[in-house]
Structures are given as structure tokens and as C-alpha cells.
Amino acid sequence: MFALYDTLTREVRPLEMREPGKLGMYLCGPTVYGPPHLGHGRATLVYDILRRYLEWRGIDVRLVSNITDIDDKIIERANRENRPWQDITHKCESVWFNAMGRLGVKRPTDVPHATDYVEQMVRMIGTLVERGAAYTTSDGVYLSVESVSDYGALAHQSLDDMLAGGGDREVLGAQEKRHSADFALWKFSKPGEPAWPSPWGDGRPGWHSECVVMSLELLGEEFDLHCGGADLRFPHHENERAQAVALGKQFARHWMHNGFVVDLEGEKMSKSLGNVTNLLDLLDQFDPRAYRMLLLQTHYRSPVKVGQDNIDASVKALSGLDSFVARSAGRNAPADADTMARFVQIMDNDLDTPNAMALVFDTVRRANIAIDAGDSAADALVGAVRKMCSALGLELGSTGEVATDARALADALDAARSAKDFARADALRAELQALGYVVETTKAGTSLRRA
RNA sequence: GGCGACGUGGCCGACUGGCUAGGCACGGGCCUGCAAAGCCCUUUAAUCGGGUUCGAUUCCCGACGUCGCCUCCA
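When the count follows the numbering used here, it moves up by one through the first sequence with no breaks and lands on 688 for the last residue.
Misleading hints may appear alongside valid ones.
As the list claims (entries may be wrong) - Pairs of lysine-lysine residues, derived as DSBU-like cross-links and limited to a Cα-Cα distance of at most 35 Å, are as follows:
| # | residue 1 | residue 2 |
| --- | --- | --- |
| 1 | K328 | K310 |
| 2 | K553 | K657 |
| 3 | K542 | K343 |
| 4 | K414 | K259 |
| 5 | K427 | K486 |
| 6 | K414 | K343 |
| 7 | K310 | K343 |
| 8 | K542 | K553 |
| 9 | K624 | K310 |
| 10 | K427 | K328 |
| 11 | K624 | K680 |
| 12 | K427 | K310 |
| 13 | K624 | K259 |
| 14 | K427 | K414 |
| 15 | K553 | K343 |
| 16 | K486 | K343 |
| 17 | K328 | K542 |
| 18 | K427 | K343 |
| 19 | K657 | K680 |
| 20 | K343 | K328 |
| 21 | K259 | K343 |
| 22 | K414 | K553 |
| 23 | K624 | K542 |
| 24 | K343 | K624 |
| 25 | K624 | K553 |
| 26 | K486 | K310 |
| 27 | K486 | K259 |
Note that these hints are calculated values from the structure, not bench results. This one's a predicted model, so the numbers in the text were calculated from it and none came from an experiment.
Generate the whole structure from the sequences, applying the supplied hints.
Here it is, written out as C-alpha cells:
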């Protein structure tokens with residue numbers, strides 16, 4: 238039974254499915270106004286790993302992940318750069334999916350856009366107003382948090398506790414709000430801003446009503462799992478939940494949050510701190526698989542430090558697995574059953590990927606020993622390594638093709654070596670290395686792979 | 001001020017009340033024309049102080065330190 242930590246109950250508990258064998262999960266997607274950063278990369282990778290693993294286990298996963306394509310930040314940028322806001326959202330969305338593709342993240346089964354659900358949001362807000370849970374001010378429509386008896390359930394803080402603190406930040410619309418924690422569901426537009434009609438005045442959606450509307454519509458009431466970064470826990474997810482609760486609906490049954498990406502000093506990467514690192518830079522500079530590798534070796538709830546040293550170590554660990562795959566090519570046998578049983582047991586325990594990777598490396602070592610000893614047990618271990626890596630979304634081996642002229646150089650190198658013309662052999666080897674290949678010269682001949 | 005998380009070997013990073021996590025680096029060996037690559041080996045670390053226990057890195061209390069949230073960066 239697959240068990241997962243639930244942010245709401247603060248315990249690892251079985252992930253129940255309304256329909257056994259079918260999981261409906263909602264992942265808060267990006268607001269498209271800029272390039273994806275490392276935090277986005279982590280979240281999508283974590284949930285991609287979860288999704289692939291569950292699918293590998295035979296579960297039919299429906300992953301709904303939204304694109305928030307209307308938001309203050311988008312409008313700000315459009316004004317600043319003096320171009321249509323759709324220009325920005327379309328561009329950013331394509332950059333987003335391109336980056337996700339490079340990370341090996343599968344496209345969600347559903348990618349609903351906020352702008353396609355504005356009418357539904359307006360209807361929902363109307364219901365909230367009718368129920369007395371929302372009210373109008375001069376700048377928009379607000380949800381009354383006092384109408385949600387357990388507001389703060391995800392943050393694990395009561396309303397009083399939250400207000401007791403040193404909230405020294407700006408409080409939007411404070412003068413007219415009934416409670417300073419009340420949040421905007423609808424924001425009236427200023428002239429020239431994108432706007433949709435509503436019974437209260439033209440405007441745009443406020444605090445992520447799209448997530449509420451789309452998750453309930455596509456996955457249904459009381460859907461199985463709601464996911465996102467720990468940074469979304471409060472207020473984003475708390476406010477989503479508040480809207481659904483105020484609506485009288487059952488919302489997500491299980492809440493999952495992944496940990497932060499921190500910088501080298503251990504501080505959270507955040508736009509407000511100005512220390513965000515662009516995901517595209519990471520993808521350009523390193524093997525795109527390295528980030529997945531690093532995250533697999535870190536528990537999803539722990540903070541992860543993304544820096545040169547860490548990534549380097551992951552790249553090298555990956556290279557070790559690649560050479561194992563190369564070395565064991567041609568061995569085809571069903572995966573070792575004991576190893577796979579342990580793998581499942583480990584992964585079912587709150588997605589314990591660090592331990593799963595430890596098992597992978599351990600199995601590699603055992604397989605190598607068996608190969609060297611000519612033991613036939615090797616094949617099943619090789620099969621287990623491949624199967625585990627594939628369940629985790631780690632693609633091994635096929636990193637770059639070997640060009641035919643490089644292959645010719647390698648053959649010339651072999652010829653030089655057998656002729657004991659070592660000066661020429663060394664020159665050829667240097668030439669191949671300069672072309673970016675890892676050159677392995679063995680008795681059986683020279684093998685090449687991309688560095 | 002309130003709520004919460006965390007402090008592990010050279011670095012990163014897990015699990016765990018007693019039994020070697022793992023990766024990377026360093027070192028040793030095998031292989032090799034020499035290398036590189038590859039393979040194997042490299043057998044005790046847990047901020048501090050109390051407590052519970054036969055036994056604590058693991059549970060409890062306290063101190064110190066780091067970090068996060070406490071309303072629009074998501």
C-alpha cells in the first residue's frame with residue numbers, strides 16, 4: 238500500500254483512492270510571466286517521479302496541472318514592456334513546457350488555463366456571495382475567512398495566532414475588509430487592463446479561484462491528492478481550500494508538499510530575496526538528468542541545496558550508472574524479484590527515493606561483481622537496475638550518438654595499438670577526447686561514449 | 001512575539017532505539033604498452049547539556065545555532 242505524508246494531518250498515511258486503481262491528482266502549475274526557476278523544476282520533477290512510480294505500479298493517474306495565465310504580475314510585465322499580455326503568457330508557456338521536456342517531465346494529462354474558466358469562477362464567486370461567505374468592497378470581492386471555521390488548517394495556525402505575529406507586510410485592501418486575513422476573489426480592473434464581466438463589475442480573478450474551479454470540475458469533489466511546493470501551503474493552498482469549504486464542498490483528501498530549493502547559504506530561493514536561479518541556465522550547463530538525480534538522492538520533503546558541487550556529484554553518479562548500462566548491454570533477463578520487492582517497499586514508504594537510489598547503487602555493485610565472476614545471476618540484477626531506473630524516470634545510457642568518423646578514429650586507434658604504434662595510438666586517443674568522448678581502450682577494442 | 005522544521009563523517013545526504021544507507025572526493029588494489037575509463041576494497045560520524053532506557057544519532061526536556069511561515073514572489 239502506497240503511503241504518503243499528508244500536510245493536513247501531519248502523518249504518513251495510505252494514499253486512498255476514491256476509485257481503487259485510479260488516482261486523481263492536482264498540481265498547482267506556473268503563473269506564466271517569466272522563465273521557470275529551480276523551485277519550479279523541483280516541484281515538477283518530484284510529482285513526475287511520483288506519477289511515474291504510481292503508473293509503473295499499475296495505477297491510472299490523472300494529473301491535472303493548471304496554467305495561470307491571468308495575474309497581476311502578467312499585467313505588470315505587459316505594461317512595463319508595452320506589449321499584449323497574451324504575448325507574454327503564450328511565450329512563457331512554451332518556454333515552460335520546453336524546459337519540462339528537457340527535464341524528462343511528462344506532460345500532465347490535463348493542462349487547463351485560468352482564462353478558459355473565468356465564467357465558472359464568476360459563478361463560483363456568485364455562490365460564495367449568496368452563501369454569505371463573500372462580500373464586495375470598492376476594489377473587488379473578498380472571501381470572509383471567518384466563514385471558514387477551520388481556516389488555517391493547512392498552515393496549522395489559528396487566525397488569532399497568525400494575526401498575533403509581526404505581520405509587517407502590506408495588507409491589500411485593509412481599510413474595507415471585514416477581517417485583515419480576508420482575501421480577494423475578484424479584482425475590479427482599471428481602464429486598459431484585461432477584464433471579464435461579472436455581476437459586481439468588470440475585473441479579473443483574485444486568489445487562485447481557478448485552481449478550485451478546475452480541480453473540482455476535472456477531478457470532482459473530494460479528489461484524491463493535491464500537490465505543490467511547500468511555498469504554496471500558505472496562503473495559496475489555504476485559500477483554495479477555504480473557497481471550497483465555504484462553498485460547502487469536500488476538497489482534496491490528501492495534501493502533499495515538496496520542500497524548498499535553498500541557495501548555498503541555506504536560504505530559500507525566492508524572488509523577493511533575488512536569489513532565484515533560472516532553470517534554463519541549469520539545463521544549458523549540465524546534463525539535464527542531473528537535477529532529477531540530485532532530487533532522487535534527497536527526500537522530497539527536505540530542503541535541497543542546488544550548487545555546483547551537488548550537481549557535479551550527481552553528474553558523476555549518473556555517469557557511473559551510464560557506464561554500467563553500457564557494460565551490461567545485451568544482458569536481458571527478468572528483474573530480480575527480491576530486489577524489486579524491496580524497491581516497492583521502500584518507495585511505498587512516503588516516496589523514499591534516497592533509499593531507493595541506495596538500493597539501485599547497491600544492485601549495480603552486486604551485478605558488477607556477478608559479471609566479473611561470470612555468475613549468471615548478473616542478468617537478473619541488471620534487469621532490476623534497469624527496471625528501477627525506469628520506474629524513477631531516469632534514462633540511462635543513450636547520451637549522445639557516436640559519430641561515424643569518431644568510430645573510424647577508434648578503429649584506427651585499435652589498429653595502432655595492435656601494431657604497437659603507441660605514439661599514434663596516444664595521438665588518436667587525444668583527438669577523440671578533444672571531440673568530447675570518454676575513450677575506453679580495452680583488450681576487446683575501444684569503446685566511446687559522450688562525456 | 002506566535003507556529004513549525006532542522007543541526008549526521010572531507011563535502012552532499014538517508015534510514016533507524018541495539019545490526020555497514022548511499023553518492024561524490026581522498027586512499028589502496030585489479031585491469032592497461034602507459035594512461036584514462038571501468039571494476040573491487042576503503043570496516044564507527046551524528047551541536048551542546050540533562051533525562052527515559054539494559055542500550056539513543058534515533059524518544060523527552062533545555063540551551064545554542066540555522067531555516068521557513070505568520071496575507072499577494074509563487
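Structure-based check of each hint:
1. K328 to K310: holds, 15 Å
2. K553 to K657: holds, 33 Å
3. K542 to K343: holds, 24 Å
4. K414 to K259: Not OK: K414 and K259 at ~42 Å, beyond 35 Å, violated.
5. K427 to K486: holds, 33 Å
6. K414 to K343: This hinted pair is violated, its Cα atoms lying about 42 Å apart.
7. K310 to K343: holds, 27 Å
8. K542 to K553: holds, 17 Å
9. K624 to K310: violated, 43 Å
10. K427 to K328: holds, 25 Å
11. K624 to K680: Given pair K624, K680 holds - Cα atoms ~30 Å apart, limit 35 Å.
12. K427 to K310: Distance ~15 Å between K427 and K310 Cα, so the pair holds.
13. K624 to K259: holds, 22 Å
14. K427 to K414: holds, 20 Å
15. K553 to K343: holds, 25 Å
16. K486 to K343: Given pair K486, K343 holds - Cα atoms ~30 Å apart, limit 35 Å.
17. K328 to K542: holds, 29 Å
18. K427 to K343: violated, 39 Å
19. K657 to K680: Holds, because 13 Å separates the two Cα atoms, which is no more than 35 Å.
20. K343 to K328: holds, 20 Å
21. K259 to K343: holds, 18 Å
22. K414 to K553: violated, 55 Å
23. K624 to K542: holds, 28 Å
24. K343 to K624: holds, 18 Å
25. K624 to K553: holds, 21 Å
26. K486 to K310: Given that 35 Å is the threshold and the Cα spacing comes to 30 Å, the pair holds.
27. K486 to K259: Distance ~21 Å between K486 and K259 Cα, so the pair holds.
Hint check: violations occur at hints 4, 6, 9, 18 and 22; the rest are consistent with the structure.
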